Structures are given as structure tokens and as C-alpha cells.
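In this note's numbering, the protein residues as written are 1 to 298.
Hints should not be assumed to be uniformly reliable.
Said to hold, decoys possible - Within a straight-line C-alpha distance of at most 16 Å, the following computed EDC-like cross-link-like pairs (lysine to aspartate or glutamate) qualify: (1) K138 - E59; (2) K196 - E217; (3) K61 - D40; (4) K35 - D96; (5) K282 - E217; (6) K168 - E151; (7) K293 - E252; (8) K61 - D23; (9) K168 - E108; (10) K281 - E240; (11) K61 - D77; (12) K87 - D67; (13) K35 - D77; (14) K76 - E36; (15) K87 - E70; (16) K168 - D23; (17) K194 - E217.
Honestly, the hints are just simulated from the structure, not real lab data. None of these values were measured; they are calculated from a predicted model.
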Amino acid sequence: MNFGEDTVFLSGHDPSIPGIDVDVTITCISLVRHKECPSDWRFSYPAGRPNHGLVLVLEGKAVYLQDGQENLHVAKDDLLYLAKGSKYITIGDPVDTYRYYVVSFDLEESGPGATGGSASGSGLESGSDPSPPVFVLKAPRPAVYQALFSEMLNSWTSRKQGYMLHCKAILHDIIYCLVNDIANQRVDRHTVAKLKPALAYMAENLSNTTTLGTLAEKTGLSITHFRRLFKQAYGLSPLEYLTNLRINRAKELIASDKFTIGEVAQMVGYESIYHFSRLFKKVTGETPSDYRKRACSD
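Modelling step: build the complete structure from the supplied sequences, incorporating the hints.
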């Protein structure tokens, strides 16, 4: 799962810091399991994983030997993301038992940079790469993740009415926690405070023309410094972030079925309905009209 360059958690959680633009929908969960493997245990996916995987290490150590990439060593409290299509061999520690939670799932991605369908070809899955990436993330709050995985496993094994919906909701919570934990690690509080006036201005002026100079002026920074800090903090350029806000707001307005597509375009800052429609499809994978049909039929 591509959360950006920084993949090791170092600090606490603050949900007020968005940090990274990740918008995914869990479409299917095929497995939730607690596994306890003996020392020197081995497992492999020589042909590539059939789905995405997320592992929380509870005890012991293991090494993941990747196809043509750096080997990854994991230990207690590590979170390991295994991309769909990734090829690897897992070898348990020769002495310690390797114990972990694992969930296998499929997803769709939306937002800037997404392909609009399945995650194939996006930051979450690289269909053209013979062995998509695997990431190890050091969890700062292991008890929180343990509780979420445990709850998901209990729901999965009980198979009570609505268990799949419940498991998907918990997995969304886990991904949300990951995004926010990484965001806290990536940026300091002073930078966030500096950028808040620009964020507020964008949110309050979606229908107006907004320039980079105006946003930089709101923060008291030069355009160059503002652009650099913004990218560092949020993983997006100011323009990409603004586009994300506008398209998300447009989706809400379109789904309400109260406005024409042309009216929605103007309400989120686009004078040309054609430009708006092209951008909407680029971001979401659907035309505004197709999105309305699907949203109103759900």
C-alpha cells in the first residue's frame, strides 16, 4: 500500500492531520486468521499473491525474501503490507515461534492518481511490476491494532449476520489508523499550524478561483517554501489537494440529485462543464452522469 516515502512510524496519532491522500474501498475479504508457526517455518508465493495482505506480528521473528527486492525482517509489533501480485518466501526464526494476525483482501482506489477501478496500476497495486512492493511499518500503538485485528477475527469466525460488513468496517479503521500514524510521523506540528490557514481558505472557497500565490500569502510563506512544505505534509501538491476537495464535494452534490452537472461544476470552481467532466472522470474513473446513475441507484 503506497503511503509515501516514509514507512516507519515514530510518533503518536492525531486525526486532525490528513497527511496522505488514500481513498480505498474494501471490496472483498477472503481470509482473517491468527497463525502460530513453528520455528524455521516456511511459506511462499512464487506466482504472486492473489490479493492484498496485512499482517500484524504478535510474537517472534521472520524474514520475507522478495523477488528481486530487498529482504524484509519483521518482529513483534511490526505491520507488514503484502501487495497483490507480490512474490516472496517467508522464513520463520530458527528459534522463536512466529505468531501473527493476517487479513487477505481486495480493494478499489479512488481520488487523485487513482485509475478509478480496481487498484491495479495505482499506488496500491502495480500490475505492470512483476513483483509489487512489500512494506514493513512500525506501529506506535500496538495495543490499538491488536484490538482491531482481534475484533475482526472474532467477527470473521463467529459468522453472525452482517459479519462481512463488520470485518470490512474494521479493516477500513485499520487503514485509517495507518494513514494517520504515518502522517504524524511525516510532519511536525509547527508545519501543520503554518499550513492550516491555506487549508481553511481552500475549503471555504471551492467555487472561487484560487491561485498558489493566494494560498502562500495566507500562510506568510513564499510560494516556493509553501509548495515544498505542503507536499511534505500532505503528500500532494496544493493543486492536487484542492482538486481532491473539489471532486469530493462534487460527488456529494451529484449524489444529492438536486443540481445539474453544469451547476455542480460551477459550485466547485469550474466554469467549463467539459473541463470539469474530463477531470472528474480522470479522478474517479466515471463521468459525472455515470456517477450520478450509480449513486442514485445504490
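Going through the hints against the structure:
| no. | hint | result |
| --- | --- | --- |
| 1 | K138 - E59 | holds, 14 Å |
| 2 | K196 - E217 | holds, 12 Å |
| 3 | K61 - D40 | holds, 10 Å |
| 4 | K35 - D96 | holds, 14 Å |
| 5 | K282 - E217 | violated, 30 Å |
| 6 | K168 - E151 | holds, 11 Å |
| 7 | K293 - E252 | holds, 13 Å |
| 8 | K61 - D23 | violated, 31 Å |
| 9 | K168 - E108 | holds, 13 Å |
| 10 | K281 - E240 | holds, 15 Å |
| 11 | K61 - D77 | holds, 10 Å |
| 12 | K87 - D67 | holds, 6 Å |
| 13 | K35 - D77 | holds, 15 Å |
| 14 | K76 - E36 | holds, 13 Å |
| 15 | K87 - E70 | holds, 12 Å |
| 16 | K168 - D23 | holds, 14 Å |
| 17 | K194 - E217 | holds, 11 Å |
In terms of the numbered hints stated before, the structure departs from hints 5, 8, listed from lowest to highest.
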